[in-house]
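K.L.:
Residue-level listing of the chains:
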Amino acid sequence: MNQSLIIGQYVPGESVVHKIDPRLKLIIIFIFVIAVFMANNVWSYVSLYFFVFASVGLSRIPVSYIYKGLKPVWWIIIITFMFHFFFNSGGSVLVSFLGINVYEQGVYQGASIATRFFLLIVLATLLTLSTTPIAVTDAVEALLKPLKKVRFPVHEIALMMSISLRFIPTFMQEMDKISKAQAARGLDYTKGKLKDRFKALLPLLIPLLISSFKRAEDLALAMEARGYQGEEGRTKLRQLSFSKIDYIVIISLVAFLVSFYMIRV
Amino acid sequence: MDIIFENVNYTYQPNTPFSHQALKDISLEIKSGSFIAVVGHTGSGKSTLLQHLNALLQPTSGRLVLGNVELPGAHHEQIKSIRQRVGLLFQHPEHQLFEETVKKELLFGPKNFSFDLNQVETELNESLQEVGLEESVLNRSPFELSGGQMKRVALASMLLAKPQVLVLDEPTAGLDPLGQTKMMQLFQSLHENKQHTVVLVTHNMGDAMRYAEKVIVLNQGTVECVKSPGELIYERDRLKAIGLDVPEPVEFVEYMKTRLGVLWEEDEINEQTISRTLVKHLKGGATS
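Just so you know, the sequences run in chain order S and V.
Add 332 to a position in the first sequence, counting from 1, and you land on the number used in our numbering.
Add 1 to a position in the second sequence, counting from 1, and you land on the number used in our numbering.
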């Protein structure tokens, strides 16, 4: 199993961040994305960093864990930075060595794009770490509700989303089990020519495909048996409602946005 | 080949909030040619232990000796040879089938271990017979077969790779009672006639007592005790405390002792000792 990529893995907790209404969390992320692209001087970036690190701190999820989960992303961030560093030729020359000129704009652009990327990834990771997939889909459904007026199948989309999210871990487990079973039978997909390695994937993919079809059938039957008939007359076990925490979060968010706007040039 | 665990620890997803130590300081010895049962409650570390025997998992710390190979630290070729010598049958082996025909399925293992396939083909019928399947299934698709037959195909496929050690995870789960007995008898005959080492993981304490020479009881990642079936009689309360079924014969002896007032002075529990004691009791009752 791939253990280095953690985005999407919920870490149970009781922190403030865990308790925020998932709808509010999605809205915050949306606003944050806009804010990140509106930042235009050092202090505005500093304030965004402050916002992200404060959220991470409040969530009480170990920083080392989040850091480890970002490993696959570090490379993308570094490469983006390097690209701008060497190839952007705006502004005056800062340094020049071995015939390569590093320009003022290159450093500035590289740093700001890498920063934006980093901030967005950390906040998105934090969302998935502190919110159950079910809560996220509930929130998406609630936020998309207005689209129902134009006959957009909100409920169906939300259901599809929650089913796929629900079955990702099951799928991973199944994959792990089958690959172990085949490894025990001597299957080796880490050595040999590319063609052989590709062929060695078949003993994994076929059983996996068969079991997911079976599972889908079982799920459909189970839903039928419990009287599922789409959205009509359906009520929710967990009603989303704003609590005291949410109002405090909204007030601090507004305060943050106002000061962010003032800091910006 | 002898199998030796020396202070083996295993942790899943170390250094994360999900970190979970499944094996704690396990030290064990499984002698070549023995029949061992591993029992334990769900989450006791049975299946983690099992996967170590096939080098699918390697100790996070400690040492595991499998014949002439030592883990951790074995290289790729050694691990492959371990996988050939230790046949591991997972709990639902029917889920691992993928080939177009049963014949190809059977040849999958031997092919991976670079056996001479012409030679193996001559052994196909014999191995089918051994597991109780008819020759006619060879050219059928494994997906047309029933669950029990699929299990047998998986088993035959494992046996064709000529392992010395059979590691079986709940091999009889999902079979009808007759099929269960037959399959257990097959393992016993493989053990007796071909000197295979058998490691059986089971929930069924009855099976563990009937077939195994030694029973390893696991509890929360540690070895609770290693006993012969006969000695298990004295562990009734301990087994209950860690959430295990007490084997039926043991319960029966307990019932005789407490409810019928029978005097129990045998060392082992089996049909002979139980009937002998009952006869003694009845005779004694008749004379007094």
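Keep in mind that a hint or two might mislead.
[As the list claims (entries may be wrong)] Cross-link-like lysine to any residue pairs, in silico, SDA-like; alpha carbons within 25 angstroms at most:
(1) 546(S) to 171(V)
(2) 509(S) to 195(V)
(3) 512(S) to 115(V)
(4) 104(V) to 195(V)
(5) 509(S) to 124(V)
(6) 403(S) to 449(S)
Hints in this document: simulated from the structure, not taken from any laboratory.
K.L.:
A separate judgement is required for each hint: does it hold in the structure or not?
P.N.:
Outcome of the hint check:
Under the criterion of a C-alpha separation no larger than 25 angstroms, the hint pairing residue 546(S) with residue 171(V) is consistent with the structure, at around 22 angstroms. A distance of roughly 29 angstroms separates the Cα atoms of residue 509(S) and residue 195(V); the hinted pair therefore is violated under the 25 angstroms criterion. Under the criterion of a C-alpha separation no larger than 25 angstroms, the hint pairing residue 512(S) with residue 115(V) is consistent with the structure, at around 19 angstroms. Between residue 104(V) and residue 195(V), the direct Cα distance comes to roughly 24 angstroms. Compliance with the 25 angstroms bound is thereby established for this hinted pair.
This hinted pair does not check out: residue 509(S) and residue 124(V) have alpha carbons roughly 29 angstroms apart, beyond 25 angstroms. A hinted pair counts as satisfied when its Cα atoms are at most 25 angstroms apart, and residue 403(S) with residue 449(S) qualifies at roughly 14 angstroms.
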